[in-house]
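Asks: So the protein lines, in turn, are chains A and B.
The letter at position 79 of the first sequence is residue 79 when you use the numbering used here, and the numbering goes up by one with no holes.
The letter at position 10 of the second sequence is residue 10 when you use the numbering used here, and the numbering goes up by one with no holes.
To be clear, the hints were calculated from the coordinates, so they are not data collected in a lab.
Only a predicted model underlies this, so the values are computations on that prediction, with no experimental measurement involved.
Mixed in with the good hints there might be a few duds.
[Said to hold, decoys possible] In silico DSSO-like cross-links for lysine-lysine, where the CA-CA straight-line distance does not exceed 30 angstroms:
no.	chain 1	residue 1	chain 2	residue 2
1	B	Lys114	A	Lys169
2	B	Lys114	B	Lys237
3	B	Lys237	A	Lys169
[Claimed, not checked] If you want a taste of the chain A side facing chain B, the calculated C-beta under 8 angstroms gives, among others:
no.	residue
4	Glu34
5	Ala47
6	Ala54
7	Phe58
8	Arg87
9	Arg126
10	Glu151
11	Gly162
Cβ coordinates follow ideal geometry from the N, Cα and C atoms, glycine included.
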Amino acid sequence: MKVEGRPLDESELLARATAGNQRAYEELVHIYSEIAFRTAFAVLGSAADAEEAAQDAFVKAFHALPRFRRGEPFRPWLLAIVGNEARSRRRAAGRRVRLELRAAEAARTGDAAPSPEAVALAASERQELLRAVESLEPLDRDVIVLRFLLELSVAETAATLGVVEGTVKSRLSRALGRLRTQVREPASA
Amino acid sequence: MPELERALAELAAELAWPATPDLAARVLPRLGERRGSRWWFGALAAAAALGAAAAAATATNDVLHTVSVVRVSALPSAPATPTEYGTPEPNLGAGARSSGIQLAAPSALPPPNKVYSRTAPRSVTLLYAPGGVLPPSPVDPSVGALVVEGMGSQNDPLIAGKLVGPGTTVSRVDVAGATGIWIEGAPHEVFLDNQPDTLRLATNTLLWYRAGVTYRLEAHISEEEALRIAESFQEVKP
Numbered sequence: 001m002k003v004e005g006r007p008l009d010e011s012e013l014l015a016r017a018t019a020g021n022q023r024a025y026e027e028l029v030h031i032y033s034e035i036a037f038r039t040a041f042a043v044l045g046s047a048a049d050a051e052e053a054a055q056d057a058f059v060k061a062f063h064a065l066p067r068f069r070r071g072e073p074f075r076p077w078l079l080a081i082v083g084n085e086a087r088s089r090r091r092a093a094g095r096r097v098r099l100e101l102r103a104a105e106a107a108r109t110g111d112a113a114p115s116p117e118a119v120a121l122a123a124s125e126r127q128e129l130l131r132a133v134e135s136l137e138p139l140d141r142d143v144i145v146l147r148f149l150l151e152l153s154v155a156e157t158a159a160t161l162g163v164v165e166g167t168v169k170s171r172l173s174r175a176l177g178r179l180r181t182q183v184r185e186p187a188s189a
Numbered sequence: 001m002p003e004l005e006r007a008l009a010e011l012a013a014e015l016a017w018p019a020t021p022d023l024a025a026r027v028l029p030r031l032g033e034r035r036g037s038r039w040w041f042g043a044l045a046a047a048a049a050l051g052a053a054a055a056a057a058t059a060t061n062d063v064l065h066t067v068s069v070v071r072v073s074a075l076p077s078a079p080a081t082p083t084e085y086g087t088p089e090p091n092l093g094a095g096a097r098s099s100g101i102q103l104a105a106p107s108a109l110p111p112p113n114k115v116y117s118r119t120a121p122r123s124v125t126l127l128y129a130p131g132g133v134l135p136p137s138p139v140d141p142s143v144g145a146l147v148v149e150g151m152g153s154q155n156d157p158l159i160a161g162k163l164v165g166p167g168t169t170v171s172r173v174d175v176a177g178a179t180g181i182w183i184e185g186a187p188h189e190v191f192l193d194n195q196p197d198t199l200r201l202a203t204n205t206l207l208w209y210r211a212g213v214t215y216r217l218e219a220h221i222s223e224e225e226a227l228r229i230a231e232s233f234q235e236v237k238p
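This is chain A alone, in the form it adopts within the complex (with noise of 0.2 angstroms):
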């Protein structure tokens, strides 16, 4: 969105969205999404659902801005209430959803060209990782996921999980432990 030839920036977004201009919040729509869709897939662990939780977190958030404060990251704000729409999916639905994370196949660019028997490997133990995060108990995952894999700082992780930061470090410090007796770790290799 774009407003006498300069675009706005976010504090501006939020302000017109507040007062109920739906074009600002399109645009904060936009500039979000990936963000709220990848964190909702990560609690849900369904394309499909994490798209109705997305959705439907944006719609709720639109209404509560006049509660937003202003002055504050808008990001962790909107996690919260995406990983609240999420959780309470999770919940509803009553089952034990599995991430359907798949490790790309093609290798990094840029590094000096890795031997074909190096790739093979790598791709194996990122693959057994992946698969051991996939394992762990849902509280476990959740925060290792959010934290590690979708790389969302301490603060954000704990506002979509609804918990306070304290919690998050004791969750992440006792998640690892449990990662690491399924994995073999990479230095005692």
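Take the given structure of chain A and dock chain B to it, following the hints.
Replies: Leaving out everything else, chain B in the frame of chain A:
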């Protein structure tokens, strides 16, 4: 960085996430839907915003700033159980630490069977199974009592809304020196955190406010018994 965390970071760089759908195209047409389908939410929000001018509709808004009660001629349909209570906690102390609120629990009851916490806004829910002085709730027989302790904020004081129909009475009570509200009779409806989707049925409920915390005790008991339990609340050490 420890090796495992480094391996996770490398994994993150190579994950193939599903393609992000065009959410804006689906969200924009829905932004006006609440006004159409949630008629009672609009009425409640308006009543809360009007404050004293809406005293007839929000008879208790001057008593508890964290709760609005709206009397309606007919209740909208609502489920008996909430979509969620929060994050499960192993005990009261953990709930106090996770929520960050000064938690209290009734000494007149045994320890709760379940403890849940939330942080947006901060609240703790204590769930008690039926037994002793707590009969099964008529709206959810698996529940004897629900205690919710929550903190609103200066910018967001309303943390719960109540819809009451003709068969429900609402009265002002004194809870150990604190002003409270007693809601009794036919099941009413409650929603939390300004979220209309949390609307559910509720049985008799006592609400009171003390030192920044709003307390809510829901159980199918008498006003006298509810006050006895409320006055037994004692601080929980995190």
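Asks: Tell me if glycine 162/A is really an interface residue toward chain B, meaning its C-beta lies closer than 8 angstroms to one of theirs.
Replies: holds, 5 angstroms
Asks: Hey, does the alanine 54/A contact hint survive, CB to chain B under 8 angstroms?
Replies: Given a least distance of 6 angstroms, the restraint on alanine 54/A holds.
Asks: Would you check the hint for lysine 237/B and lysine 169/A, treating anything up to 30 angstroms between C-alpha atoms as holding?
Replies: It holds: about 21 angstroms lies between the C-alpha atoms, which stays within 30 angstroms.
Asks: Does glutamate 151/A pass the interface hint, meaning its C-beta sits closer than 8 angstroms to a C-beta of chain B?
Replies: holds, 6 angstroms
Asks: Given the hinted pair lysine 114/B and lysine 169/A, is their Cα-Cα distance within 30 angstroms?
Replies: holds, 23 angstroms
Asks: Does arginine 87/A pass the interface check with chain B, least Cβ-Cβ distance below 8 angstroms?
Replies: holds, 7 angstroms
Asks: Under 8 angstroms, Cβ to Cβ, is where glutamate 34/A needs to be relative to chain B, so tell me if that hint holds or is violated.
Replies: Cβ of glutamate 34/A sits 5 angstroms from chain B, so the hint holds.
Asks: Next item in the hint list is alanine 47/A. Is there a CB on chain B closer than 8 angstroms to its CB?
Replies: holds, 4 angstroms
Asks: Should the interface hint for phenylalanine 58/A be scored as holding, given a Cβ-Cβ cut-off of 8 angstroms against chain B?
Replies: Result: holds, 4 angstroms to nearest chain B Cβ.
Asks: Sort out whether lysine 237/B lies within 30 angstroms of lysine 114/B, counting only the CA atoms.
Replies: Holds. Lysine 114/B to lysine 237/B sits at ~17 angstroms (cutoff 30 angstroms).
Asks: Under 8 angstroms, Cβ to Cβ, is where arginine 126/A needs to be relative to chain B, so tell me if that hint holds or is violated.
Replies: Constraint on arginine 126/A satisfied, holds at 5 angstroms.
This entry satisfies every hint, going by the numbered hints stated previously.
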